[in-house]
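**Q** The lines below spell out each chain.
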Amino acid sequence: MTGPDDILVAEALTRRFDPRLTIGDRIAGALGAPVERRPLRAVTDVSFAIRRGETLGLVGESGCGKSTLGRMVAGILPQTSGRVTLDGKPVMARGRKTTTRIQTVFQDPFASLNPRRRIGETIAEGPIAHGIVTRAGAPAFIAEWLARVGLDPAVAQRFPHQFSGGQRQRVAIARALAMRPDLLVCDEPVASLDVSIQAQILNLFLELRQALGLTCLFISHDLSVVRHVADRVAIMYLGRIVEVGPAARIHAAPRHPYARALLDSVPKLRLDATSVTFRPIAGELPSPLAPPAGCAFHPRCPRASDLCRRERPDLVAGEDGAALACHHPEPAA
Amino acid sequence: MRALKAYLRSPAALIGSVILLAVLVMGLGAAWFYPSDPLGLAGRPLQWPGQNPRFPLGTDPSGRDIAAQIVHGARISLLIGFVATSIAVVIGIAIGSLSGFYGGLVDTVLMRVTEAFQTLPNFLLLLVLVAVFGSTIQTVTIAIGIVSWPPVARLTRAEFMTLRTRDFVQACRVQGLGDAHLILREVLPNALPPVIVYASVVMAVAILLESALAFLQLSDPNVPSWGNLIGLGRNVLRTEWYVSAIPGLAILLTILGVSLVGQGLNDALNPRLASGR
Chain D
1 MTGPDDILVA EALTRRFDPR LTIGDRIAGA LGAPVERRPL RAVTDVSFAI
51 RRGETLGLVG ESGCGKSTLG RMVAGILPQT SGRVTLDGKP VMARGRKTTT
101 RIQTVFQDPF ASLNPRRRIG ETIAEGPIAH GIVTRAGAPA FIAEWLARVG
151 LDPAVAQRFP HQFSGGQRQR VAIARALAMR PDLLVCDEPV ASLDVSIQAQ
201 ILNLFLELRQ ALGLTCLFIS HDLSVVRHVA DRVAIMYLGR IVEVGPAARI
251 HAAPRHPYAR ALLDSVPKLR LDATSVTFRP IAGELPSPLA PPAGCAFHPR
301 CPRASDLCRR ERPDLVAGED GAALACHHPE PAA
Chain H
1 MRALKAYLRS PAALIGSVIL LAVLVMGLGA AWFYPSDPLG LAGRPLQWPG
51 QNPRFPLGTD PSGRDIAAQI VHGARISLLI GFVATSIAVV IGIAIGSLSG
101 FYGGLVDTVL MRVTEAFQTL PNFLLLLVLV AVFGSTIQTV TIAIGIVSWP
151 PVARLTRAEF MTLRTRDFVQ ACRVQGLGDA HLILREVLPN ALPPVIVYAS
201 VVMAVAILLE SALAFLQLSD PNVPSWGNLI GLGRNVLRTE WYVSAIPGLA
251 ILLTILGVSL VGQGLNDALN PRLASGR
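Taken in sequence, the protein lines are chains D and H. Numbered by my numbering, the letters in the first sequence go through residues 1 to 333 in order. Numbered by my numbering, the letters in the second sequence go through residues 1 to 277 in order.
Source of the hints: derived by calculation from the structure; they are not laboratory data. Any given hint could be a false lead.
[As the list claims (entries may be wrong)] A short, non-exhaustive set of chain H residues, derived as facing chain D with CB atoms under 8 Å:
{"hint": "1", "residue": "Ala22"}
{"hint": "2", "residue": "Val25"}
{"hint": "3", "residue": "Gln170"}
{"hint": "4", "residue": "Ala171"}
{"hint": "5", "residue": "Asn190"}
[As the list claims (entries may be wrong)] Which residues of chain D face chain H? A few of them, derived with a C-beta cut under 7 Å, are:
{"hint": "6", "residue": "Ala74"}
{"hint": "7", "residue": "Ala111"}
{"hint": "8", "residue": "Gly126"}
[To be verified] Label pairs and their in silico Cβ distance ranges:
{"hint": "9", "chain 1": "D", "residue 1": "Glu61", "chain 2": "H", "residue 2": "Gly178", "range": "36 to 42 Å"}
{"hint": "10", "chain 1": "D", "residue 1": "Val195", "chain 2": "H", "residue 2": "Ala12", "range": "43 to 49 Å"}
{"hint": "11", "chain 1": "H", "residue 1": "Val113", "chain 2": "D", "residue 2": "Ala191", "range": "42 to 48 Å"}
{"hint": "12", "chain 1": "H", "residue 1": "Trp48", "chain 2": "D", "residue 2": "Pro115", "range": "53 to 59 Å"}
{"hint": "13", "chain 1": "H", "residue 1": "Gly178", "chain 2": "D", "residue 2": "Lys89", "range": "19 to 25 Å"}
The beta carbon of each residue, even a glycine, is placed where N, CA and C say it ideally should be.
All chains should be modelled from the sequences, with the hints used to inform the complete structure.
**A** In structure tokens form, the structure reads like this:
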């Protein structure tokens, strides 16, 4: 799946969370009793690549591991195994981040800005620390970035509580982009905003991406949001990627039954049809503490067979950066 | 500004501030009110308050003016309170922030040290320190600071542990900012309000600890502290009880003032109660 244009490559990325043993369990373990210790597999064996200038959308239900994956790519969370490389160099070494060329926009703009610092400081402190701008040049730098994200440069001296959610997210975007990143990880950047504000932020994002030639990993639970911003889409289910493909094709003709189910679960208002249709996905996301045997999606899958209950399908690469992990995919369009 | 307004709206905070201000004026103006040495012989010993117009609060068993000792004692008590509290807060924040920020082994080691201090009764440790290092006013103040930091460290640690995983701290990590920046500029300012509130408790306890030491005549006898005066009155407690009661009242009022200010600060700085968020 890797090619010469790839800027970010994730290989066999896995993240396990081991539950901390209680003192009672530890004593029991020391005395020789069998102690049950079930690790939570948030992300299992995920490989993908992002090409320079491309936006990869990462879609899945809450709890499927997409944020964990995003945090590993950004170097916030160390991986259990596997590796992430940016231009061939590992993003993390010995549990610490090695690069500032990957920046993040977080989901909740109320949590991602320090309530006790002026937003100008928040935007400029990283660039000053890394010599992108001098302390003397900071005011002009801050003004430039505020203007770029559509805010009045005069607001640099204000505190975050004086802004609305959408304005705060603009500040957060300015902070991330001011570091001149090669890759921007957006972790559900619009999920906590009002629908009317979501469109504004998405448009801002598209404008900036065009102007700056950004490469992005765009995480969302909303396939319709991702379709607008992503070139390619990766669908994630219970810690694994199940389908990758061009955004338009995935939206028009998904091949994995889970991708199909995700699409059908989005309420659609068709003016030409007599009925408003949407089908929720049957059942709940299984616990990552005890994933089902075989294909993780089989308990909810309308196409599941005995093979799916026994054997987990591998992610098989197709043409044009597409990939699919399913025994019984929907026919290609 | 918003915090200041909230503070001034609280009647408890206002009353506390007035009391504390009065004590402060007393302490700062001591040399002006009573220019002569408050520990010098002033008149006949054990005169009751009001008995002699020269001594509105009477004289102690050694014939020294109680009013002069109260006024000069305000300076000593406040000084001990402020300095000991500063020592406790600095040690507590340093240990608590490192412990809460790094976690793991650092946390384990520092918290075991803190617990070692906490398992010893405060006052007992204070007695040992004073017995070993002597009872000048400097050593007493430092010793009080040293026995008072563990709760501050625990509180700071708890704040750091919740704050260090917040997104704004993660964002700064992603920007490659150093640990010193994260601790001092990102986390500490957000962890400070509850610590400031708790500092008022530390200050009240510091004043009480010094009084208790002085009552046992283990504090510095060469300074006119309120505790010393209570200690002097101990021998005549049944007949001339005012010698102990007057400085006792002064301590009571000062601690009431400090506690009320602390409560006012808590109301003003507590984000869940502050309006407009």
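**Q** Decide, hint by hint, whether the structure agrees.
**A** Hint-by-hint comparison with the structure:
Taking 8 Å as the C-beta cut-off, the interface hint given for Ala22(H) is violated, the closest approach to chain D being about 33 Å. The beta carbon of Val25(H) comes no nearer than 33 Å to any beta carbon in chain D, farther than 8 Å, and the hint placing it at the interface is violated. The beta carbon of Gln170(H) is positioned within 8 Å of a beta carbon in chain D (closest approach about 5 Å), and the interface hint is therefore held. Below 8 Å, beta-carbon pairs count as interface contacts, and Ala171(H) has one with chain D at about 5 Å; its hint therefore holds.
Satisfaction of the interface hint for Asn190(H) is found here, the shortest Cβ-Cβ separation to chain D being roughly 6 Å, below the 8 Å cut-off. Residue-level restraint check for Ala74(D) holds (minimum Cβ-Cβ distance to chain H is 6 Å; threshold 7 Å). Using the Cβ-Cβ criterion of 7 Å, the hint placing Ala111(D) at the interface with chain H is satisfied: the shortest such distance is roughly 4 Å. Using the Cβ-Cβ criterion of 7 Å, the hint placing Gly126(D) at the interface with chain H is satisfied: the shortest such distance is roughly 3 Å.
The hint said 36 to 42 Å for the Cβ distance between Glu61(D) and Gly178(H), and at roughly 37 Å that hint holds. For the hinted restraint 43 to 49 Å between Val195(D) and Ala12(H), the CB-CB distance of approximately 45 Å keeps it satisfied. For Val113(H) and Ala191(D), the Cβ-Cβ distance of about 44 Å falls inside the hinted range of 42 to 48 Å, so the restraint holds. Roughly 58 Å separates the CB atoms of Trp48(H) and Pro115(D), a value that falls within the hinted 53 to 59 Å.
Checked against the hint of 19 to 25 Å, the pair Gly178(H) and Lys89(D) passes, with Cβ atoms roughly 21 Å apart.
Of the numbered hints given earlier, the model fails hints 1, 2; all others are met.
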